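Listed below are the residues making up each chain.
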Amino acid sequence: MTVFSIHAFDPPGDVPALRQQVRTLVATHEGAWDPVRRTNCWATGDRAFSRALGEAGLLGMIWPKRYGGHERHPLERYVVLEELLAAGAPVGGHWIADRQTGPHILKLGTEAQKEKYVPAIARGELWACIGLSEPNAGSDLASVRTQARQTDKGWVLNGQKIWTSGAHEAGLMLALVRTQEGSQRHAGLSQFLIDMDTPGVIVRPIIDMAGNHDFNEVFFEDALIPHGALIGEEGAGWKQATAELALERSGPERYLSSYLLLVALIDAVGEDPDPQVTALIGRLTAELWTLRQMSMSVAAKLAAGDDPMVEASVVKDLGNSFEQDLPKLVQAALPADFNLADGSKLARVLRHLLIASHSFSLRGGTREIIRGIIARGLGLR
Amino acid sequence: MSENRTLLLDSAAALFDDLAGLEIAAAWPRFDAAGLATLLVPEDAGGFGGDWGDFFAVLRLAGENTLSLPIGETILATRLLVDAGLDVPTGPLSIATSLDAVPFGRHAAGIVVADGTRLTLYRAASVTAAAASGDPLDAVTGDVMASAPSTACTMHLGAFLRVAQSAGALDKALRMAMDYTGQRMQFGKTLSQQQAVQQSLAILAVETAAIDVAGQGAAAALDRGEAAFEIAAAKLRTNMAIGTGTSIAHQVHGAIGFTHEYDLHRYTRRLMGWRSEFGNDRHWAERTGAFALKAGGAGLWGALTARTDKAA
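Top line first, the protein sequences correspond to chains A and B. So the first sequence is numbered by the numbering used here: it starts at 1342 and just counts up by one. So the second sequence is numbered by the numbering used here: it starts at 6 and just counts up by one.
Here chain B stands alone, though its shape is the one from the complex:
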């Protein structure tokens, strides 16, 4: 990890601690003041100048926290608006693929929708709050504030954001499962000393590792340039890991993990929601499947290696 990234993560950790437990109205001015919204804006445009690896690391950390704030959405929307030469509204921002399902729509001062050819910035006119599995996901009607040509795609970037958050949230669920099973005594020893429980926790760790690797692999591809395949593969692999991982986290916790009082659901409810947002398994499997079919059986390996090899 670069020294810059370590410093960035230290300050992000301090900020997230500071924001913990605050409602969005109280939290947002502090988030704004910290300047994290410009994480992906180039330095010469007045931003932090971070890369996609930095974004992954920061949003992974956000996923380890229970903050219900559109941090990643705001960072992405800010970058896309600056890239498109549009003004950035003040306040929390969101990104979406359609106005039917807007993360934090009820709080958003602006909503960016980009489909790879055109970017449109909306202001929410009315909001129908949906019953969310985790963070708010709202249907809105919106007025167009601005629009510009753009190659950005909010489906892809939103998926990458959810991968990063999921890496942190499933890691947190793993830590909670390890702590709980390490303390709870059953049949004269801790749960974590039972081999059956150890084997389950090993699988949970492996699935968490899979999200970490997929997310970092996609971040590296974004930093190289075009990353449509890597993001598709990463989100699909993440969705698979969420399915397996949340089951184990709950299973080893027993009934206490199913209570409202215990914090595990703050992570697993959001993970289950993120599994659908910005593409479920079927959506991304169609994309990665199309990639493989286009390459053909004999060509698939070469298509994969060409995406990671540096040009000679």
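Okay, chain A solo, but in the shape it has when bound:
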């Protein structure tokens, strides 16, 4: 029995030309991008670049044309994503909308919901956030207390979400909310599409230890949203929210967050560095290559209609460890007189990632939760 069987990654069309299209687009915009903010770049938004991607047909790539999509192959989209991440393009603004929210609406939404939201996402104009985590819930996402009560005018929301990435820049939240009073755990939950400019929706920043504003608290204080804001089936929210998690666990964003530090290291040390540094670059390159094969293989399985939950979790576990260990390994192997405080690109990027990388094994499911999923896949629990 094979633990991880490779599935051939074989996108249609002219793949090198598609890569070149992305590289050219990046080259015309990158002058304005700060090297530090280019690391972990799917946590950084840029309105102009999101719109440029939309104009170039590189958002909503696999969606129907009638909703602003481009009906490309999922593996063509994968090629575009890995190119953007490897280039350190600021894709964080639209990332969630393009990866999850748009597909979710297309799958479960009403015609009105599709027409209202999907074309705007594909243009790169509407960004979205995910309203899952709540105070004191931690990894136990089912302990949702935010409530929606149905009235004649619509649903009235009360409660609080937390750790909501990008809520301050998003126009839309896909939220998991308790609709059946007194229900417990996974039962009685429903999903809503909430316009962030709704009165009674209040966003407060949480500044992270890297000094960035990514997280937020989102409060609902008698926020009235229309009847038509419910997406999917009332009471089926948990099942809807946890379906297709493989989509968000195996993508190239799970191993490339520190990639630009490897690039900076190679550029800084020249062609013939100390053998220890060469060996570290070699080790990191071998790990990168292995992870890329893994992630592409899961993408190919997803494109073929499988749901490789365990293999996706393997990518996330290994990928997060790689991108998290990379800054520490580089720090340990640099020459003794390397000055972490100097203004060089290498020092700045390293300093930032030494701090930012602590979040890599938290977001999208903690390391412990992911390993629990793998253990379940092995039949241990």
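These aren't lab readings, by the way, just hints derived from the structure by calculation. Computed from a prediction, not measured in an experiment: that's the story for all the values here. There could be a bad hint or two in this list.
In silico DSSO-like pairs for lysine-lysine, Cα to Cα no more than 30 Å straight-line [what the hints assert, rightly or not]:
#  : chain 1 : residue 1 : chain 2 : residue 2
1  : A       : 1669      : B       : 315
2  : A       : 1457      : A       : 1406
3  : B       : 299       : A       : 1686
4  : A       : 1580      : A       : 1494
5  : A       : 1406      : A       : 1448
6  : A       : 1455      : A       : 1494
7  : A       : 1406      : A       : 1580
8  : A       : 1455      : A       : 1580
9  : A       : 1642      : B       : 299
10 : A       : 1580      : A       : 1642
11 : B       : 315       : A       : 1406
12 : A       : 1580      : A       : 1448
Chain A is already provided as a structure; the job is to place chain B on it using the hints.
Only chain B this time, still in chain A's reference frame:
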């Protein structure tokens, strides 16, 4: 998996069962009769006509078994000799990078050494058996039987062979760890119900997956043509996984896994040996490092993607 490969693996599994527990003198005639030695020889040259993916799958399966036979070495030596237009000696064969360390040297009817420009076939004249961590690894003195120009490199192909075997052997160690911890009761529940043990086993599974992916990725590159970088990366990643994986397999077994009687060491001893053979971490890290340095920081991504993209 292709239908052909499924059939191939079924017959290889039956053969490996048949050979289990036999000494090499008794096992080899049966191996010869099965025709597996010609796995990589093209059909028009009278062979099985398998590809590198087939080779990976068969040798992975061999790694799951405790057979101490030069199966992969013989398959590779046969292919290289046929490619070079040389006669293939009868009996077990080996491949090596130098005669100082020849896998199964004491049993080999012929030893192939190829450095990318020239292939030489040796017959062992005298053998100094080394204390092996797993399978025999011997220093030999040899006479040249034949030689020919060849682009093959036994360092690379030997490394790929060890990756395939390691994938199977670490997978077997994982299965043994799951079985053992699933049965052994401690503190009122099975070890495998302890979260700490589950987390360790998850890491072992992830490392096993890494070898599988690296090996299949290298096989795909070999089937496309030149695979020097992919084999270097795969062997290095495999060596890393062996280090982490064997530790966990032993840790969750406790003392029983350290006994001679229990089978775990049949896999982990060989894994520890394979970790050095055909290139340790340092050897391959220098190669993959040189690949990245040559590409340069800005060029590395393009160098990687160009190796998997089909030409338009």
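Original post:
Going back to the hint list, which numbers does this structure go against?
Top reply: 1, 9
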